[in-house]
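Engineer: Listed below, chain by chain, are the residues.
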Amino acid sequence: MNVGLGHYLVVSALLFALGLFGVIARRNLLVIYMSLELMLNAANLALVAFSRFTNNLDGQILVFFVITVAAAEVSVGLALIVALYRKRRSAHVEDLTAMKL
Amino acid sequence: MSVAFFIIALLTLLSAVAAMTLRNLIHCALALAFTFAGLAAAYLQLGAQFVGFVQLLVYVGAVAILIVFAVLLTRGREPATQGIFSPKWPVGAAVALGVFGTLAGLLLSSRVLHHEAAAIAQAPVRQIGEQLMTHYIVPLEVLGVLLTAALIGAVILAMHERESDSPPPSKT
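The listed protein sequences correspond, in order, to chains A and G.
Those letters in the first sequence? Residues 13 to 113, by my numbering.
Those letters in the second sequence? Residues -12 to 159, by my numbering.
Bear in mind the hints are in silico, worked out from the structure with no lab data behind them.
Some hints could be false.
[Unchecked claim] With a straight-line cut-off of 30 Å between C-alpha atoms, the simulated DSS-like cross-links for lysine-lysine are: (1) Lys112(A) / Lys99(A); (2) Lys99(A) / Lys75(G); (3) Lys75(G) / Lys112(A).
[To be verified] Covered stretches of chain G, going by a simulated chain A footprint (3 or more residues, C-beta under 8 Å): (4) -4 to 7; (5) 17 to 29; (6) 33 to 44; (7) 47 to 58; (8) 84 to 94; (9) 112 to 124; (10) 134 to 140.
All C-beta atoms in this analysis are idealised placements derived from N, C-alpha and C, irrespective of residue type, glycine included.
Put together the whole structure using the sequences plus the hints.
Structural biologist: Next comes the structure, spelled out in structure tokens:
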């Protein structure tokens, strides 16, 4: 059985769905954050697979940019979570309702 | 090639499931690091050396460690009395299943699947470097500015602690 583009794309879609489930269903901010990273990585896998099977290097360059932006997001996001935890002593989404009407 | 692909895909998906469902946050972070490593292996298998090694350096090397540090700084433990999922988790499961169904349906009905694997280009890392330095030079510079801004912002956010508005750190 030959592995084609569809296999990689199905794996990518599964990872994306898992990450989406984690973002919606989990209660801890850090796990929600990890799920976001997982979704970014799922998109990256699809991009690399497309790049390989269409013989076009632009996909890999886009993945490089996505990884860089994700690194910036990691630094700011984790700093925000740590600062929030210092203020509120909690990392659960139910306890962060200050902006709720 | 296909056996390697199925092993990598299975390990990656299983560790992703573990990262989404485990209770101990340290275990979640380690499972996620394993997922990142599996994705790096998939990139290498796809002939994308540059992206594969960048993935290893950035995600497995830096992001996973940062997440572990954040877990430790926030006392990463779910209280044993409460569930790890929010009460409305079936909604999340339904949304995720719907998204996956839509994606899979579109994928399986598209014409893009009939691409055969092209021959791997010679020295793709050199080509990527040349492209980055010529065609993509403006986005590259903008990314440098973005990273600098993110660095300064993270330092300011994490430093912001005055004695007046923060409880004293516990000695334990």
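Engineer: I'd like to know which numbered hints this structure contradicts. Please list them from smallest to largest.
Structural biologist: none
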